[in-house]
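Based on the sequences and whatever the hints tell you, model everything.
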Amino acid sequence: MKIVQTEFSISTKKRNQLMDITSQVRSAVKQSGITNGDVIVYCPHTTAAITINENADPSVSHDLLLTLEEVIPHNRPGYKHYEGNSDAHCKSSLVGCSEQILIKDRTLSLGTWQGIFFCEFDGPRSRKIYVQIRGE
Amino acid sequence: MKIVQTEFSISTKKRNQLMDITSQVRSAVKQSGITNGDVIVYCPHTTAAITINENADPSVSHDLLLTLEEVIPHNRPGYKHYEGNSDAHCKSSLVGCSEQILIKDRTLSLGTWQGIFFCEFDGPRSRKIYVQIRGE
Amino acid sequence: MKIVQTEFSISTKKRNQLMDITSQVRSAVKQSGITNGDVIVYCPHTTAAITINENADPSVSHDLLLTLEEVIPHNRPGYKHYEGNSDAHCKSSLVGCSEQILIKDRTLSLGTWQGIFFCEFDGPRSRKIYVQIRGE
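Chains as they are written, first to last, in this note's numbering: chain A, 1 to 136; chain B, 1001 to 1136; chain C, 2001 to 2136.
Hints are computed from structural coordinates only; laboratory data are not their basis.
Backbone N, C-alpha and C define an ideal beta-carbon position, used for all residues, glycine too.
Just so you know, not all the hints are guaranteed correct.
[What the hints assert, rightly or not] Rough simulated footprint, nothing fancy, chain B against chain C, three-plus residues with beta-carbon under 8 Å:
id: 1; stretch: 2044 to 2051
id: 2; stretch: 2072 to 2080
id: 3; stretch: 2095 to 2101
[Unchecked claim] For lysine-lysine, the following DSBU-like pairs were computed, each having C-alpha atoms within a straight-line distance of at most 35 Å:
id: 4; chain 1: A; residue 1: LYS104; chain 2: B; residue 2: LYS1013
id: 5; chain 1: A; residue 1: LYS14; chain 2: B; residue 2: LYS1013
id: 6; chain 1: A; residue 1: LYS30; chain 2: B; residue 2: LYS1030
[Claimed, not checked] Listing some non-contacts, in silico: residues in chain A with all C-beta distances to chain B over 10 Å:
id: 7; residue: GLN5
id: 8; residue: SER9
id: 9; residue: THR12
id: 10; residue: ASN16
id: 11; residue: GLN17
id: 12; residue: SER27
id: 13; residue: GLN31
id: 14; residue: ASN36
id: 15; residue: HIS62
This is the structure in structure tokens:
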């Protein structure tokens, strides 16, 4: 059993944005040399998140961001957090700050339409992503 | 330390449906022969999810689906995804496509009222669930 | 590779409350003696959850609870669950009942502003939290 930890950085361009990070995760898995096991993709930021969804049609990302903005508007009467980005913190907790994907025969066991996305909710910013690959 | 990967299939019957898959996961854990560790339950589909919630009273599943349908309606003005199932993709990211449960003394460490559910948001369909058991 | 499982209890004081449990998790990690790996923090209750968010400004917790209460009100017409706490079950599935954090050099790899929170949605109650540390 082996554990490999690594990280990479990205730069987001908008306040709300989904960035496909599947290729960076796939590359980390390949470099780990691990054949079977799993990978944890972890976002160490409180106004961003990690999700898995369709990366074939970019409209899916658009529709997810639209839904989040309508359900959790930027300014909700009653918000107390002084930075004015409470919506971003709420989106982070609802989407969640990590995902895990199985590894089989040195390959990410993603479904046909699944990609891994970094979700920016308070950009543009420079962001880090932690990756841990475990297995044998 | 041992890693066992397996999968099983289910057929959903409705567009929105929660299916209790606790017994299938429990059976996979038992067959793995692993005493202490954890199991990952992973959904490789982008219009479905995995959640853990009460499986004693079926009204809890009803009320969760009702809430999701009211918060994320089937047709939101502004949706661009051509397949007309953007709501299902959004529900998938909010509920999340995997869960993990600890294993202790060859038993799933679920709480008294907890069961594991496959969440169908764009059925009826035939679906796969990936399972990985790790431990010793 | 080593697996350590432990648990601890907390008492919540309100119906909806976020309790910072970072120090309890940090202490479990330290006691495990594991240098590199990860920790799973798991809530075995169906009307509560675990999340990671900012623990510097308590207003973030306030704003997250406010958002959840407005998006998922206590009484939604159509709820069937006889216990009258369907909102709590829905919040549990949306926030999720577990989180995982990497461990590096015997330290939790949390981001600068991240803390680990137990989310009570149907308190006040006595609650348990399961913790599993894995690594080497």
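Right, here's what the structure says about each hint:
Only residues whose C-beta sits within less than 8 Å of a C-beta in chain B count toward coverage, and the stretch 2044 to 2051 of chain C has 3 of them, enough to reach three; the restraint holds. Only when three residues or more bring their CB closer than 8 Å to a CB of chain B does the claim for the stretch 2072 to 2080 of chain C stand; here the count is 5, and the claim holds. Remark: the stretch 2095 to 2101 of chain C is confirmed as covered by chain B, as 4 of its residues place a Cβ nearer than 8 Å to a Cβ of that chain, reaching the required three. Under the criterion of a C-alpha separation no larger than 35 Å, the hint pairing LYS104 (chain A) with LYS1013 (chain B) is consistent with the structure, at around 30 Å.
Between LYS14 (chain A) and LYS1013 (chain B) the CA atoms are separated by roughly 40 Å; this puts the pair beyond 35 Å, and the hint is violated. Note on LYS30 (chain A) and LYS1030 (chain B): the hinted pairing holds, with a Cα-Cα distance of about 31 Å set against a maximum of 35 Å. Every beta carbon of chain B lies more than 10 Å from that of GLN5 (chain A), the smallest distance being close to 17 Å; the non-interface claim holds. The non-interface label for SER9 (chain A) is consistent with chain B: the shortest C-beta to C-beta separation is roughly 23 Å, beyond 10 Å.
THR12 (chain A), annotated as away from the interface, keeps every beta carbon of chain B farther than 10 Å; the closest lies near 17 Å. Residue placement check: ASN16 (chain A) keeps its beta carbon more than 10 Å from all beta carbons of chain B (closest about 13 Å). The Cβ of GLN17 (chain A) sits about 14 Å from the closest Cβ of chain B, beyond the 10 Å cut-off, so the non-interface label holds. Once the 10 Å rule is applied to beta carbons, SER27 (chain A) is consistent with being away from chain B; the minimum gap is 21 Å.
The claim that GLN31 (chain A) lies off the interface holds: its Cβ sits roughly 20 Å from the closest Cβ of chain B, which is beyond the 10 Å cut-off. Separation of ASN36 (chain A) from chain B is inadequate, the least Cβ-Cβ distance of about 6 Å not exceeding the 10 Å criterion. At the 10 Å boundary, the C-beta of HIS62 (chain A) falls inside the reach of chain B, the nearest C-beta of that chain being 5 Å off.
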